[in-house]
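Colleague: Listed here are the chains, written in short residue letters.
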Amino acid sequence: MVVYHLRGIVNGVEIRLKTEVSEEKSEIPSVLSVWRTSNWHEREIYDMMGIRFRGHPDLRRILMWEGYPYYPLRKDFPLAGKPTDLPGVAFTRVTPMEGGPFVTVAGGNDSIAREPRVRVPESDEVQLNARVEARGDNKEMRGQAFGPGPIEKK
Amino acid sequence: MATVHDMEVGDSAARAAQAAEELQDVQGEKMVLNMGPSHPATHGVLRIVLELDGELITKADPDVGYLHRGDEKIAENMTYTQFIPYTDRLDYLAPLANNVAYALAVEKLLGVHDKLPPRCQYIRVMCCELARISAHLLGLGAFAMDTGAVTVFLLTFTEREKIYNLAEAASGARLTTSYTRIGGLMRDIPPTWCAQVKQFCDEFDVALAEAETLLTRNRIWVDRLRDLGVVSKEMAIDYALSGPNLRGSGVNWDLRKNQPYLCYKDLEFEVALGSVGDCYDRYLVRMEEMRQSTRILRQCVEKIPGGWANDAKEPVSIPDGKITLPSKQKVLSSMEELIHQFMLVTEGVNCPPGEVYFGHENPKGELGFYINSRGGGVPYRLKIRAPSFVNLSILGELLPGAMISDVPVILGSLDFVMGESDR
Numbered sequence: 003m004v005v006y007h008l009r010g011i012v013n014g015v016e017i018r019l020k021t022e023v024s025e026e027k028s029e030i031p032s033v034l035s036v037w038r039t040s041n042w043h044e045r046e047i048y049d050m051m052g053i054r055f056r057g058h059p060d061l062r063r064i065l066m067w068e069g070y071p072y073y074p075l076r077k078d079f080p081l082a083g084k085p086t087d088l089p090g091v092a093f094t095r096v097t098p099m100e101g102g103p104f105v106t107v108a109g110g111n112d113s114i115a116r117e118p119r120v121r122v123p124e125s126d127e128v129q130l131n132a133r134v135e136a137r138g139d140n141k142e143m144r145g146q147a148f149g150p151g152p153i154e155k156k
Numbered sequence: 004m005a006t007v008h009d010m011e012v013g014d015s016a017a018r019a020a021q022a023a024e025e026l027q028d029v030q031g032e033k034m035v036l037n038m039g040p041s042h043p044a045t046h047g048v049l050r051i052v053l054e055l056d057g058e059l060i061t062k063a064d065p066d067v068g069y070l071h072r073g074d075e076k077i078a079e080n081m082t083y084t085q086f087i088p089y090t091d092r093l094d095y096l097a098p099l100a101n102n103v104a105y106a107l108a109v110e111k112l113l114g115v116h117d118k119l120p121p122r123c124q125y126i127r128v129m130c131c132e133l134a135r136i137s138a139h140l141l142g143l144g145a146f147a148m149d150t151g152a153v154t155v156f157l158l159t160f161t162e163r164e165k166i167y168n169l170a171e172a173a174s175g176a177r178l179t180t181s182y183t184r185i186g187g188l189m190r191d192i193p194p195t196w197c198a199q200v201k202q203f204c205d206e207f208d209v210a211l212a213e214a215e216t217l218l219t220r221n222r223i224w225v226d227r228l229r230d231l232g233v234v235s236k237e238m239a240i241d242y243a244l245s246g247p248n249l250r251g252s253g254v255n256w257d258l259r260k261n262q263p264y265l266c267y268k269d270l271e272f273e274v275a276l277g278s279v280g281d282c283y284d285r286y287l288v289r290m291e292e293m294r295q296s297t298r299i300l301r302q303c304v305e306k307i308p309g310g311w312a313n314d315a316k317e318p319v320s321i322p323d324g325k326i327t328l329p330s331k332q333k334v335l336s337s338m339e340e341l342i343h344q345f346m347l348v349t350e351g352v353n354c355p356p357g358e359v360y361f362g363h364e365n366p367k368g369e370l371g372f373y374i375n376s377r378g379g380g381v382p383y384r385l386k387i388r389a390p391s392f393v394n395l396s397i398l399g400e401l402l403p404g405a406m407i408s409d410v411p412v413i414l415g416s417l418d419f420v421m422g423e424s425d426r
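Protein sequence lines, in the order shown, are assigned to chains A and B.
For reference, each letter of the first sequence is one residue, going 3 to 156 in the working numbering.
For reference, each letter of the second sequence is one residue, going 4 to 426 in the working numbering.
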């Protein structure tokens, strides 16, 4: 669903417009010809959510870099991020706080199970590896296991 | 081992003639210049790809996102209260104002934004206005320095230091203040704070007047700013500019006046407006806004409910255990308060399902939070309408036609923060 929040400066009226967008199609017409400010907003929605705007003359990524393969604000994108082939420190390892929400949910893990500090560092590393390798989507994309690699026995 | 190379130096006149012949095709060809992301005049990590014809800009493509941290994604994974420190880092020149804007948005979702205790409202307004002065001072100092007037920067930073001291006295932190809580404030201001604010206002008026004598009638300053980067009324509205950039174009729109929140309707202040919409107008509007801010501050100091020391123990948070934390004394002695505290800390403030948008007049413009809640303590979607992001989108139209030496001036007059633009 795309939500437009409009405001009239002369009369101070606020309008909230909502349009349904199906996930399969992920495309709606652009409103750039009506409001020029929607240019960057539509680019941002495309960048973050993957919704394309028909008729937008310059629909490029805006916050993420050109060629980034995911849409990070979609709900199926994990908070810890996903690895990409691009070099850099970002996303090469799972962040220590991976697995939000950082809120107690009834029936979920208790705080000891979630708290990274109480874990033994070494088994923690192995656990992280296992968790990264267990992710199906990563394997599908890269065709191989990846991650920091197993820890060598001393 | 040094090696020796033989080099043949031909007749330079002949080579120049040959080069001119070869370069004939290059005449009139455009050059692409990459400005930023690490450039002192881009105030952060803005990158602009400029297409130049000689010194004239024919096309400009701003590239943002170098400071993208995924704040909106992070917000979906924590409670409303846990997100407050992230708002410090949006517009990091005015963290106090961001805290207030965010708290008000969540309070609007809870339906309590107009039921805040009066003392809380006054302190929040003072925080916002101090933040406005602080942000405008940095914008002004950097703007003047980019244009070649270095002294102003020293003046404005002396004053900003005092605002940091005030923020520290109130919240305990100079930059990452996180002063508000959902439903109130972290704590009351110290008893001497209002006196310090009053003293600051007196000193600041002198400093601002001094900065003004250095700039407002300065021939170089005026010549560089006037009739440059003109944004017409229609264009400003079409691009949804906000804050001083919108008012610099003469559009009378200030959320503090048009959609009053907190106690702004009880306070007297004028909205500064420009007439032409050029860089000079935007500069003048910011100067006047700072003066109006001290005016608001002085009124708040006089009218603050409970007085300076708050002997009457006026509350600064909504006394509702389901929204704000109860006092520690009560938590340790009463079962109900203990349960409230436990629930608030572990699961967050229980918000009703629904959607809400709240726009706040931040120093840079309208900072809006759109919250889509499905109930519970965590937002389903939190969208930040960052004024800098929207204000920057006009660059692609504003820069072409200007000279390359005008770019720092136009950027300085738009006064943006990349931490907010990229989120």
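These aren't lab readings, by the way, just hints derived from the structure by calculation.
Worth double-checking, as some hints may not be accurate.
Unchecked claim - Computed from the model, here is a short list of chain B residues facing chain A with C-beta under 10 Å:
#1 66
#2 71
#3 79
#4 80
#5 254
#6 261
#7 392
#8 397
#9 406
#10 407
Ideal Cβ placement from N, Cα and C applies to all residues, glycine included.
Colleague: For each hint, tell me whether it holds in the structure or not.
Modeller: Consistency of the hints with the structure:
| no. | hint | verdict |
| --- | --- | --- |
| 1 | 66 | holds (8 Å) |
| 2 | 71 | holds (4 Å) |
| 3 | 79 | holds (8 Å) |
| 4 | 80 | holds (4 Å) |
| 5 | 254 | holds (7 Å) |
| 6 | 261 | holds (6 Å) |
| 7 | 392 | holds (7 Å) |
| 8 | 397 | holds (8 Å) |
| 9 | 406 | violated (24 Å) |
| 10 | 407 | violated (23 Å) |
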